[in-house]
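Per our numbering, the first sequence starts with residue 1, numbered consecutively.
These aren't lab readings, by the way, just hints derived from the structure by calculation. Computed from a prediction, not measured in an experiment: that's the story for all the values here. Heads up, a few of these hints could be off.
Said to hold, decoys possible - Restraint-style ranges between C-beta atoms, simulated for each label pair: (1) P23 with T116: 18 to 28 Å; (2) S115 with E217: 37 to 47 Å; (3) A109 with P181: 25 to 35 Å.
C-beta atoms are modelled at their ideal positions from N, C-alpha and C, and glycine is treated no differently.
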Amino acid sequence: MIDSIDPAALEYLFDTLAATYGPQHWWPHQDTDNPRFEILVGSVLTQHTAWTNVERAVATLLSAGPLTAEALLAYDDLADLIRQAGPHRIKAARLRALCQWFIDCGGFAAIDQMSTDTLCAELRAIRGIGPETADAIALYACGRPRFVADAYAFRIFERVGWWQGSRRYEGLRQKIEHAAPNRDAAFFDELHALIIEHAKTRCHKQRPDCAHCALAERCARVGVRPAGFEVV
DNA sequence: ACCCAGGGTCATA
DNA sequence: TATGACCATGGG
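My request is simple: use the sequences and hints to build the entire structure.
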């Protein structure tokens, strides 16, 4: 039982999941002309939405025209173009705010000059961009070493018994990053992708497949598993 | 007929 | 600080 997340624990987690699932090739994108900007768009569209629906919405956007901040701002029916991505009216407003910020601050040329903390603070100041979306953009569109503390991460770290208490975003993010002092963006990239893959394939919300879990060896859940979760 | 999905905002207490 | 309602489409 590991009661705190130290570098050794995090390395175990990463190595075990990497050996189990292999390279994840994130962040997936469709647009070969503007892949970095597609990540900004995808980061907003994927909020509380299945990725397959995000792919449909991005495909619709690509069929309508180039995927640029200027083009998205020019649509008067932007919400209709992203209908397949869940709450489309809200997301259309969020995308517009993001596009306006992107243009005003000077695009990637200017963004790439910002410190990571400044970049994330600016992103969070945008209506509809919270801490997780900001970190996803910082990591996957800008190559910054940030841990994306999403709902899957909380679920897994809570289940194995390495995290307890409040689900405050900054709490888990800083805990993980303190346990990875010398890691680069490539590490956090793969770590986040592996966590999602593990949550989807084994550590389900309602009925986790503990019998085939690569982390069972160091999981606090094993041995105190409630009825219905017995190892076969 | 539910529950969930690569969240965030706002109103309550 | 911490819940709950809301957004809204598509898959299991």
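We went through each hint and held it up to the structure:
For P23 and T116, the Cβ-Cβ distance of about 25 Å falls inside the hinted range of 18 to 28 Å, so the restraint holds. Separated by about 39 Å at the C-beta atoms, S115 and E217 satisfy the suggested range of 37 to 47 Å. Distance hint check: the CB atoms of A109 and P181 are about 30 Å apart, consistent with the given range 25 to 35 Å.
Hint compliance for this structure: no hint is broken.
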